[in-house]
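J.: Mind the numbering: the sequence shown is residues 8 to 204 in our numbering, read in order.
Treat the hints with care, as some may be off.
[Unchecked claim] Below, simulated DSBU-like cross-link-like pairs (lysine-lysine); rule was C-alpha separation at most 30 angstroms, straight line:
#1 112 x 168
#2 55 x 168
#3 112 x 70
#4 112 x 55
#5 55 x 70
[Said to hold, decoys possible] Label pairs and their calculated CB-CB ranges:
#6 69 x 144: 43 to 49 angstroms
#7 70 x 44: 25 to 31 angstroms
#8 113 x 144: 42 to 48 angstroms
Hints listed in this document are in silico derivations from the structure and should not be mistaken for laboratory results. A virtual CB, placed ideally from N, CA and C, is assigned to each residue, including glycine.
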Amino acid sequence: MVQFDPMKVAAFDGIFNKGTEGVTQGEIQSMGGYDRFHIEGGYSIDSKSLYGGLPVNVGIAAKGAQTMGSAVRRATTAEEVSGFVISTQMFNAIQVPGGAGVVSKGMGVQFGRFGSGVRVAVQIDPALAETLYGGGAQPANGFGWDYTNNKLIAAATAADKLPITVTALYPDSFILVEDAVTGFVSQAMGAAAVIQL
Numbered sequence: 008m009v010q011f012d013p014m015k016v017a018a019f020d021g022i023f024n025k026g027t028e029g030v031t032q033g034e035i036q037s038m039g040g041y042d043r044f045h046i047e048g049g050y051s052i053d054s055k056s057l058y059g060g061l062p063v064n065v066g067i068a069a070k071g072a073q074t075m076g077s078a079v080r081r082a083t084t085a086e087e088v089s090g091f092v093i094s095t096q097m098f099n100a101i102q103v104p105g106g107a108g109v110v111s112k113g114m115g116v117q118f119g120r121f122g123s124g125v126r127v128a129v130q131i132d133p134a135l136a137e138t139l140y141g142g143g144a145q146p147a148n149g150f151g152w153d154y155t156n157n158k159l160i161a162a163a164t165a166a167d168k169l170p171i172t173v174t175a176l177y178p179d180s181f182i183l184v185e186d187a188v189t190g191f192v193s194q195a196m197g198a199a200a201v202i203q204l
């Protein structure tokens, strides 16, 4: 049996040996000032909370809405996706227990559109990430989205393909997990991909 005096021993070897190299879902991976000028703003028209790293549909505001920016809601198919929510500079987001910043219907939301070149971190299916590490083969139909579990997956068909490029993978990242029953969003550790829009 190992004896130790807790007043003399600060920590055992390896007790804090957990890698934390990763990214935070929804944050841009900056290329200098370029990114900040390609983030757009709008307001949420979705009945569910929006948070960084979600694919969204961006539309024209309703007549008489008296709001600035586009009407933003969750996308439910690849055909509807216009871009992704970006939590960088989304200072109005409500910080819920668990560390996730969310916006509700009527609140301002920031996003990046496809073609903007902005690089944003999103959750990726861990099994897909494992196949990509070390220069693994890209999915035959490109990358798609799991609209139920809110993560990047291999597209099932060419019609499900999103116009993105995966530029980096991080196994130990801060990801956001939404409870399917309550809609509560919390922060967890998991695999994330940096995608270029």
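J.: With 42 to 48 angstroms as the target window, see if residue 113 and residue 144 comply at their CB atoms.
T.: About 44 angstroms separates the Cβ atoms of residue 113 and residue 144, which means 42 to 48 angstroms holds.
J.: Is the hinted pair residue 112 and residue 168 satisfied, with a Cα-Cα distance of at most 30 angstroms?
T.: holds (28 angstroms)
J.: Is the Cα-Cα distance between residue 55 and residue 168 30 angstroms or less?
T.: Holds - the C-alpha atoms of residue 168 and residue 55 are around 24 angstroms apart, at most 30 angstroms.
J.: Would the pair residue 112 and residue 70 pass a check requiring their Cα atoms to be no farther apart than 30 angstroms?
T.: holds (17 angstroms)
J.: Assuming the hint says 43 to 49 angstroms, is it satisfied by the Cβ distance from residue 69 to residue 144 or not?
T.: holds (45 angstroms)
J.: Falls inside 25 to 31 angstroms, the C-beta gap from residue 70 to residue 44?
T.: Holds, since residue 70 and residue 44 (Cβ atoms, about 29 angstroms apart) stay within the stated range.
J.: Given the hint that residue 112 pairs with residue 55, test it: the Cα-Cα distance must not exceed 30 angstroms.
T.: holds (7 angstroms)
J.: Between residue 55 and residue 70, does the CA-CA distance stay at or below 30 angstroms?
T.: holds (22 angstroms)
The earlier numbered hints are all upheld by this structure, with none contradicted.
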